[in-house]
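Student: Sequence:
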Amino acid sequence: MSNTSKIITRFAPSPTGLLHLGNYRTALFNYLYAKKMGGQFLLRVEDTDRERSKPEFEQNILDSLAWLGLEYDRISKQSENVDKHTDYLQKLIASGRAYHSKEEVKEAGQRAEVIRFKNPNRAVTFIDLIRGEVSFDTTDLGDFVIAKSETEPLFHLAVVVDDFESSITHIIRGEDHISNTPRHILLQEAIGAPTPIYAHLPLVLAPDRSKLSKRHGALPITDYRDAGFLPEAIINFMALLGWSPQHGEGTNEEIFNLTELIERFDLSAVGKSGAIFNIEKLAWLNKTYLAKLTLEEKLTYVTKVLPSLDQTVLTKITPLILDRASNFEDIKKMKEAGELAYFFESPKPNKDLLKNTAHLVKVSELLGALPQADWTIESIKNSVWDFATEVGRAEVLWPMRVALSGQAKSADPFTIAAIIGQEETLARLTYAQNL
RNA sequence: GGCCCUAUCGUCUAACGGUUAGGACGGAGCCUUCUCAAGGCUUAAAUCCGGGUUCGAUUCCCGGUAGGGUCACCA
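Going letter by letter, the first sequence gives residues 8 to 442 in the working numbering.
Derived from the structure by calculation, the hints contain no laboratory data. Possibly wrong hints are sitting among the right ones.
In silico SDA-like cross-links for lysine to any residue, where the CA-CA straight-line distance does not exceed 25 Å [unchecked claim]: (1) Lys-416 <-> Pro-214; (2) Lys-294 <-> Pro-214; (3) Lys-311 <-> Gly-278; (4) Lys-155 <-> His-107; (5) Lys-125 <-> Lys-155; (6) Lys-342 <-> Pro-314; (7) Lys-416 <-> Gln-318.
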């Protein structure tokens, strides 16, 4: 493959705020497309607005991308390219394509003079990879402002120059940029740059179908990280928002890691309509990825939420916790609701909840006879099973479980017994018998 | 309001003129060695409306309607 045909995409966020999941989906699609095509994926921090750009926002973008595993081949900051922008600006002015324009100052901070692009006022048509042919009449745009001064280029100019200078071949961005495209095409022609291939992604929508934003509580991606969502789950979820692996011959699978996504991704399989961010599906995805973790990873995960609990016990109950939780909040709730307490301390079962303590003596006897070395879930179960079946499982198992947990809902009695140990099990059984 | 984009179950989506309109999340029900969770099975649930084109439209065209985006000296 020759160098000129190499595909280069870019993610060009501005560090003027915390980016949400919709923004990172754009990054993901740029990444996937570049990798799929054997090309490069660039990160360009669009910090032309010196007033609003903040280092902490930039850092958050870097952190988020790193966490998601979206590695870029190159990073640049738009502010470092101002020389280039002004070079082109000079040329545009010299050739009469742009001009100094006297302005009426309406608001504080406005300049009395800015630089406007001389709009050729014509129709512009481009092919959007997702939408097909799109046409605009640029007359509606007027002579738009491209710089505050000869040393202060603005967004439209900066974008076009930077994309040209870094040989961007494909611009994949949100649909909210679709109306900027004719301006950019006009500018490209004016500076003698080729028009890259455009693909405008449908927007990620808030539940009320409007553009996702802070106003709807759209969280920065790092908040999902801090809430216990796994990057794999977020990646998978974002990919499914607007793109479908089920196209063509299709597949009903939808669990894909980054590598698999690169393999399968296809811009032509990206839909055209906006997609509402469905948190429930994210939770489900997170749970499935949580289940894939190794035991050590699970323990690390759970420990983040329950740092003060006894590690030995926590290790044993981690699988149980993750069977019932899909994020940190779920685990916190389990803890607060007392659903975990019985693993750490003896419960005080409610007599009514116990229902029937008649068979507990026999259960104690059976379990007491078990050799310490044989104290496993399997053996515990086997030792009481026949008896339970004989007199009625619910008659035996329910009281046994409540005696051990004190809860109406809990893990099964065999698992609890195995975790708390023989001595403690017998003690709890005895306590319940005497209620 | 001008311009632009979009329109299949509640949600994410598949079906690129012919299907009993498929899958997933969520819901409901059942099963799964007592409860909960997980798992399995079953089930309810959709082509925005009106015209065309066609032997035949979810699919193509036109018009409505609805929703969204955008109209900065932000990006």
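Student: Next pair to validate is Lys-342 with Pro-314; report whether the Cα-Cα distance is within 25 Å.
Tutor: Judged against 25 Å, a Cα distance of about 12 Å means the pair holds.
Student: Within 25 Å, alpha carbon to alpha carbon, are Lys-294 and Pro-214?
Tutor: 22 Å, holds
Student: Below or equal to 25 Å on CA atoms is what counts here, so check Lys-311 against Gly-278.
Tutor: 38 Å, violated
Student: Are the Cα atoms of Lys-416 and Pro-214 separated by 25 Å or less?
Tutor: Answer violated: Lys-416 to Pro-214 is near 34 Å, above 25 Å.
Student: Has the given pair, Lys-125 with Lys-155, been kept, meaning a C-alpha gap of at most 25 Å?
Tutor: Given that 25 Å is the threshold and the Cα spacing comes to 15 Å, the pair holds.
Student: Take a quick look at whether Lys-155 and His-107 sit within 25 Å of each other, Cα to Cα.
Tutor: 10 Å, holds
Student: Has the given pair, Lys-416 with Gln-318, been kept, meaning a C-alpha gap of at most 25 Å?
Tutor: 23 Å, holds
Hint compliance for this structure: hints 1 and 3 are broken, all remaining hints hold.
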